[in-house]
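**Q** Here's the letter readout for the chains.
There are 2 protein chains.
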Amino acid sequence: MSEMAPWITYRPELKVLDCTIRDGGLINNHLFTDDFVRAVYQTCLTAGIDYMEVGYKNSSRLFPKGEYGPWRHCDEEDLNRLFGDHDEEKTGLKLTAMADAGKSDWKEKLVPRDESPLAMIRVAFYAYQVSEAVEMIARAAELGYETSANLMAVSNISETEVDTVLEAIKPTPAGAMVIVDSFGHLYREQIDILYRKYAEAMADTGKYIGIHAHNNRQLAFANTIEAIILGANLADATMGGLGRGAGNCPMELLLGFLRNPKFKLRPVVQLLQEHVEPMRETEAWGALLPYNITGHMNRHPRAAIKFLASDDKANFVKFFDEIVSDA
Amino acid sequence: MSEMAPWITYRPELKVLDCTIRDGGLINNHLFTDDFVRAVYQTCLTAGIDYMEVGYKNSSRLFPKGEYGPWRHCDEEDLNRLFGDHDEEKTGLKLTAMADAGKSDWKEKLVPRDESPLAMIRVAFYAYQVSEAVEMIARAAELGYETSANLMAVSNISETEVDTVLEAIKPTPAGAMVIVDSFGHLYREQIDILYRKYAEAMADTGKYIGIHAHNNRQLAFANTIEAIILGANLADATMGGLGRGAGNCPMELLLGFLRNPKFKLRPVVQLLQEHVEPMRETEAWGALLPYNITGHMNRHPRAAIKFLASDDKANFVKFFDEIVSDA
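From first to last, the protein sequence lines are chains V and H.
Mapping the first sequence onto numbering that gives the first Met the number 0, position 241 (from 1) lands on 240, and the numbers just tick up by one.
Mapping the second sequence onto numbering that gives the first Met the number 0, position 254 (from 1) lands on 253, and the numbers just tick up by one.
Simulated from the structure, these hints should not be mistaken for lab results.
Check each hint, because a few of them may be wrong.
Stated by the list, open to error - The calculated lysine-lysine pairs, modelled on PhoX-like cross-linking and capped at a C-alpha distance of 20 Å, are: (1) V/Lys263 / H/Lys317; (2) H/Lys102 / H/Lys64; (3) H/Lys14 / H/Lys89; (4) V/Lys317 / H/Lys89; (5) V/Lys14 / V/Lys89; (6) H/Lys261 / H/Lys14.
Please take these sequences and the hints and turn them into a complete structure.
**A** Okay, structure coming up:
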């Protein structure tokens, strides 16, 4: 039958990456309690998640300690404190950190993989930073890490710029090239175009394609499954969709979609109940109207974040007019 | 260019239907204030919306007056009280009501179109009620109304049943056949399959296809635009996604997607600010975890609604276990 449901099978190659601590940490300067980080880690283990991104490996000069929690820097001593006894082979879970071009002291701070709990370094960069990103990927790979290239804010650059970045990343040892919809601006048709472009550029390199979506227009989950259907083999999500602004693709929805029986939804439900829902008392995230509007206008959510923290936060019309007039 | 953005053009045939009062009213037994109904009406006018569904034309024997507000019944006197001076030609807005098979005294209550502010009667039915639906459509058309056939809970029946319904609707005067994802269970691949099935069955009849999505898994907007891309020419949405349980496709997202300049987002933003956000103090709707779970399991949301109204409402794991064990 040609209409045989394709969604009842699965690709074992498809890996799920939890970035609750790394990306979610932008909501609170990574000032998570150790208890919360451990709870997310335990959930990743029991839910069958493949990668857990535990933070940024960014500079403490730019992000002073105290003001920013340890998962903004991922110093090896903090990694060892929480994950020193992590057994990658036995658990099937790999730990990752992200290094931002322009914000990371990667030359000094990256240690050989066999001296770190980390298995993978993901390099995030804007198009104009691609040369540093290429160096970062080369260095991390040389130290033994899996690597990925995460071109941010792709909705904000031209196709020629995208092509140039892809050409630069192609010869690097990066294992993955990730579609990153930083502004939550992409529709599925654009995901399709980008997926095909990324996949074509990386054909015959062995690189796989990843997807990292934001939820400004309630499309993070839809766009993530779209990329998966097309062939993306690395899907990012966060518990409860936790993340700055509108947040991310919710893990609980993603695991509900996946058909690989190794993924378990119940531990995620438990984490949400015990740790994530209580955070809503002090932190707000989700596809609120101001994020709908910045997503619609292809803008960084910072204007919406600022608006929602202001005394004017109920004055949606004022915000709409400001964003429209500023276009 | 083959990659020329298709989303910057539009189909003038595509009509938007606001069902805030009709479907949103299931959240509060249609006990809306006249002020709120008028505000939605004014918003539909200024936002360029094509149809406003003002309620159900259902029986006051089943839904006693007082316990249920006037928009559960849409008596002609209530319609005239609020919309007696509505000018369809001048405003470009048509008013609709929905009649449920098995719940409507349609034989007695439908008046000729030229005696009513209504322009369209949408007939909602489960597959087993298709014979009454066919009679209802015939009667409404005979009285001069536009009509549509809204087969509910399509995720819960077999393809053979769907085919049988489509065969029965095909010879009726229904102008539209609507894909209704009552349980918020469908993925885009299933929307594709259903769209093609509906469109093929209705080919050469002049009928168009509609889409009515629920947001249990944050897919209402994504599935609505998917159906639009495929060719659906009637898209349902509600202001702020207002609706029972997880709610509906949010009008503010839908209008952001559409490229027809007649649609204006600002009036919707204003309505949300002044009327819909304040309702969140007494009513809760949205893609909360219990609705994710019922959507995932292809269940009516009533179990999740009951759970969220109970003392156990924070015990997500208990709810998850109950739904899974009951499958």
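**Q** Hints numbered earlier in the text: which of these fail when held up against the supplied structure?
**A** 4
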